[in-house]
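*Asks:* Line by line, the protein sequences give chains A and B.
Going letter by letter, the first sequence gives residues 0 to 142 in numbering that gives the first Met the number 0.
Going letter by letter, the second sequence gives residues 0 to 285 in numbering that gives the first Met the number 0.
FYI, nobody ran anything at the bench for these hints, they're computed from the structure.
Misleading hints may appear alongside valid ones.
Unchecked claim - Cβ-to-Cβ under 10 Å is the rule here; a few derived chain A residues that face chain B: (1) 14; (2) 73; (3) 81.
Positions of the beta carbon are idealized from the N, C-alpha and C atoms, including for glycine.
These are the residues of each chain, in order.
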Amino acid sequence: MRCVVEKIFVKSQQSTELIRITDQVRRAVAMSGLKNGMVNVFTFHTTTAITINENDPKLEEDIARFMVKAVPEDDSYGHHRFYRRDGRMAVNAYSHIRASLLGANVTIPLQTGEIMLGARQNIYLVELDGPQTRGLAVQIMGE
Amino acid sequence: MCEFMWIDVHVHPLLVKELTDKRPELLQAADKVFDLRTSPQPLSTLQREMDLCGIERAVLLPVNCKKAHGCEMPSNQEVAEIVKKDGHRFVGFASIDPNTREVALQELRRAHDQLDLKGLKLNPALQDFDPAGPAVLDIYKEAERLQMPVLVHTGITFSNRFSIMYNQPLLLDDIARKYPKLKICLAHFGWPWVLDAVSVAIRNPNVYLDTAGTFAGTSIESIRQITTLIPARLIENMLGEKLMFGSDFPRIEMNKMFAAVSSLPVRKDVLEAILQRNALTFLGEA
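Only chain B is shown next, with the shape it has when bound in the complex:
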């Protein structure tokens, strides 16, 4: 593997010490809403993880749960500040709370125009909205206009305080068809609805998948389970331009997920597409 050329499209800049020191309420949000209780680490830990894997850039994904839980994890401004510190290594996505309608649209435009954030992250379960419902259609339309790709959490959310009804990948099929120029990534392979996610990705040219932690075991066990459900030949022939490397850091260490994804039994050119080229296309850079 070459050094410093890969892209991780799924990193949560949540338990970053520089942020939690300034705004300790992030720790409470991480615990009560994001359901993650590991110790904050300085940004340099993430940068070092990237170095170890040859990850050139990481896509930073916040989650705005203002209406549902009164918190931003972290805010778009905070994401933009991290990107400003190391613009060569980080790509910032925005998050807006679809339940706030017009406010959400304004924030999306601000994130794009003023904060230079490149995409949109949504988490239907945590944000408590129907990703196929009328409240969010204007958001998709605006993201499409602004050419901001959307990464949507699909699949399980382990905390049973939130409904996972809205995390089903099939809900995004109509959206993908309705907004054909909107690039959509179904995160976490949609696990355990993996085949549903694959079907949405295969039939819609604008839909991608990421490998971010599936909760199906360790990183290597997760990847093995994926390749049991989806034979390597199918990944090569039908998902070779769709699948992107995502770690889900800090819910899983980047180096563990990278080692697991690197062991996928697929052709070298397909693996390189998963680790880099597909992300470039998703981000509109290729």
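One chain only, chain A, in its complex shape:
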């Protein structure tokens, strides 16, 4: 079995949004040359998430809106203090919590060079503290 990791970068445009990354994942898989196995898509950031869902723009907005509603910004979070590690106020506990609810990675089967997604499935980077440039790893394991 071989293992290949490709990095991809995504520029988000909103503070909270779902960004389709399926095509970028497909390109990374094609570059690996591997045909059968599995693909893991992983975000390097604790205020983003990776998810798979139906590729409907309205649903994408619904999910983003739900995350905002589910974890309110204006609450009493322990994280919100001067954060020496960054040298600035930590002000985004809600973004971290939203990210934890969705998770940092997804795994997709790989067969004959194609990622096996359902007809309505899309892979998303979920931006939860944008806009920023974000880095992801696409790890392809197989042969």
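Given the coordinates of chain A, assemble chain B onto it according to the supplied hints.
*Replies:* Positioned in the frame of chain A, the structure of chain B alone reads:
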């Protein structure tokens, strides 16, 4: 709110990827001196933040710490290059190290005459100088002559490697009186010396305040604390022509600070002055 008309007077072009890629030592300066350790982002991230808030222009503030720490964060030249890329969106300020005396004066003139930088940024704690001391008086005099407004960091600097003695807003009161045509902005509301900063601003026609991150909590918590100390009516009646929107990006995201300042419980005309008109006056454009 209308689109693309507001001004952010307090943006640090420090962890800009285009700059850190060319000059990686900026990362070390940001870490060891500016005390900021977030990942560099391309200039487009800042531009997108501005778009989201309807910010038409951002004032870029470098800090020159050559003598105290051997670094410029970033250099005046680098600020001028960013402005050149997008002159409609950015206003460049200069920074000089007051401890270098004559060199500082020459650099201020060069920044004005050759680089077209519009104002001066000073940070007494990081630059290790007394803002009311004799070393800096010639700088104020020259800035006044060149009609360059001065934005001075006041209030806390969280890193305890630097003294915050020189960050007290009251130190600028004599300077404001001595140079009445020099426009001075006391940044960060002078937090935690907020009432001191307000008193200097109220009694001196040439003194302004900005809302840039106060370290008093999240952006909304900071603004709430300010309005606890200074009732909205006082902001409307006595600071309505003094207060300017500043974010402190990238130490705080512009969109978070903008949302917080936009929630100030003041009249619409006062809020619009805070978000735009006062900055135009400070910059000499109104």
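*Asks:* Measuring from the C-beta of residue 14(A) to each C-beta in chain B, is the shortest one below 10 Å?
*Replies:* Interface hint status for residue 14(A): holds (6 Å vs cutoff 10 Å).
*Asks:* The hint names residue 81(A) as touching chain B; please verify it with the least Cβ-Cβ distance against 10 Å.
*Replies:* Holds: closest Cβ of chain B sits about 6 Å from residue 81(A), inside 10 Å.
*Asks:* Classify the hint on residue 73(A) as holds or violated, based on whether any CB of chain B lies nearer than 10 Å to its CB.
*Replies:* Holds. Min distance 6 Å.
The structure agrees with every numbered hint stated previously.
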